[in-house]
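*Asks:* Next come the chains, spelled out residue by residue.
2 protein chains.
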Amino acid sequence: MVGIYILVIYDIKIERINKVYKFLKTYLIWIQNSVFEGEITKAQYKTMIIKLKELTDEDEDSIIIYKIPKKYLNKEVLGIEKNPIEFIL
Amino acid sequence: MVGIYILVIYDIKIERINKVYKFLKTYLIWIQNSVFEGEITKAQYKTMIIKLKELTDEDEDSIIIYKIPKKYLNKEVLGIEKNPIEFIL
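Residue numbers (the numbering used here), protein chains in the order written: chain F, 1 to 89; chain A, 101 to 189.
Wrong hints could be hidden among the right ones.
[Claimed, not checked] Listed next, the in silico BS3-like pairs over lysine-lysine satisfying Cα-Cα at most 25 Å (straight line):
id, chain 1, residue 1, chain 2, residue 2
1, A, 170, F, 46
2, F, 71, A, 113
3, A, 175, F, 42
4, A, 171, F, 82
5, F, 70, A, 113
6, A, 153, A, 171
7, F, 82, F, 71
8, A, 146, F, 22
9, F, 53, A, 175
10, A, 146, F, 70
11, F, 42, A, 167
12, A, 153, F, 19
13, A, 175, F, 75
14, F, 71, A, 119
15, A, 113, F, 67
16, A, 142, F, 75
17, A, 182, F, 71
18, A, 119, A, 171
19, F, 75, A, 167
20, A, 170, F, 75
21, F, 67, F, 13
22, F, 70, A, 119
No wet-lab data here; the hints were simulated from the structure.
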């Protein structure tokens, strides 16, 4: 799948976190508290953005999405790796 | 400065967060809850890793560092941008 590799980091009011977490789990891999990572298609990306806007309050919540070309993904973990991703290249 | 552009995301026990936050602020820009971003030199990177290991407990804490080539940094923010970074190219 030629997709987009993304990292999603959120800082969301407690009352909305669960819904966002459950939604993102359908697309991405949970990495750490408020952090998801994974590869999705462009179409899925668009749908994800629309849904995230529905699930959050733009005046109170913050979501940052980093798009990283997979071949440049360079990651180092100190301490516990809460959810190690096995890369299948 | 030809440095490394990094993203640091941490999930640390409450008793150690303040020290890590104060330390990272000396190198990087606070973006959002438990997230720092910025460009540092290779030497600074090595020093940072050593210091972060000193400040945290590898059996309880988790720090993920993403190294992203600056020209591939592609970021989208939904909602509040807690600490917008002005890129000086």
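*Asks:* Residue 70 (chain F) and residue 119 (chain A): Cα distance at most 25 Å?
*Replies:* violated (32 Å)
*Asks:* What's the verdict on residue 153 (chain A) and residue 171 (chain A), does the C-alpha distance respect the 25 Å limit or exceed it?
*Replies:* violated (29 Å)
*Asks:* Hey, residue 170 (chain A) versus residue 75 (chain F), does the alpha-carbon distance stay inside 25 Å?
*Replies:* Status holds; Cα separation ~15 Å.
*Asks:* Compare the distance between the alpha carbons of residue 146 (chain A) and residue 70 (chain F) with 25 Å, and conclude whether the hinted pair is satisfied.
*Replies:* Holds: residue 146 (chain A) and residue 70 (chain F) sit about 24 Å apart, inside 25 Å.
*Asks:* Given the proposed pairing of residue 182 (chain A) with residue 71 (chain F), does the C-alpha separation stay at or below 25 Å?
*Replies:* Not OK: residue 182 (chain A) and residue 71 (chain F) at ~29 Å, beyond 25 Å, violated.
*Asks:* So if I understand the rule, the pair passes when the alpha-carbon distance is 25 Å or less; does residue 53 (chain F) with residue 175 (chain A) pass?
*Replies:* The given pair, whose Cα atoms are some 16 Å apart, holds under the 25 Å limit.
*Asks:* Verify the proposed pairing of residue 170 (chain A) with residue 46 (chain F), using a straight-line Cα cut of 25 Å.
*Replies:* Holds - the C-alpha atoms of residue 46 (chain F) and residue 170 (chain A) are around 24 Å apart, at most 25 Å.
*Asks:* Check the hint pairing residue 175 (chain A) with residue 42 (chain F) against an upper bound of 25 Å on the C-alpha distance.
*Replies:* Answer holds: residue 175 (chain A) to residue 42 (chain F) is near 15 Å, not above 25 Å.
*Asks:* Against the 25 Å threshold, does the CA-CA distance of residue 70 (chain F) and residue 113 (chain A) hold or violate the hint?
*Replies:* violated (30 Å)
*Asks:* Are residue 142 (chain A) and residue 75 (chain F) close enough, with their CA atoms no more than 25 Å apart?
*Replies:* holds (15 Å)
*Asks:* Are the Cα atoms of residue 75 (chain F) and residue 167 (chain A) separated by 25 Å or less?
*Replies:* holds (6 Å)
*Asks:* Take a quick look at whether residue 175 (chain A) and residue 75 (chain F) sit within 25 Å of each other, Cα to Cα.
*Replies:* holds (17 Å)
Hint compliance for this structure: hints 2, 4, 5, 6, 8, 12, 14, 15, 17, 18, 22 are broken, all remaining hints hold.
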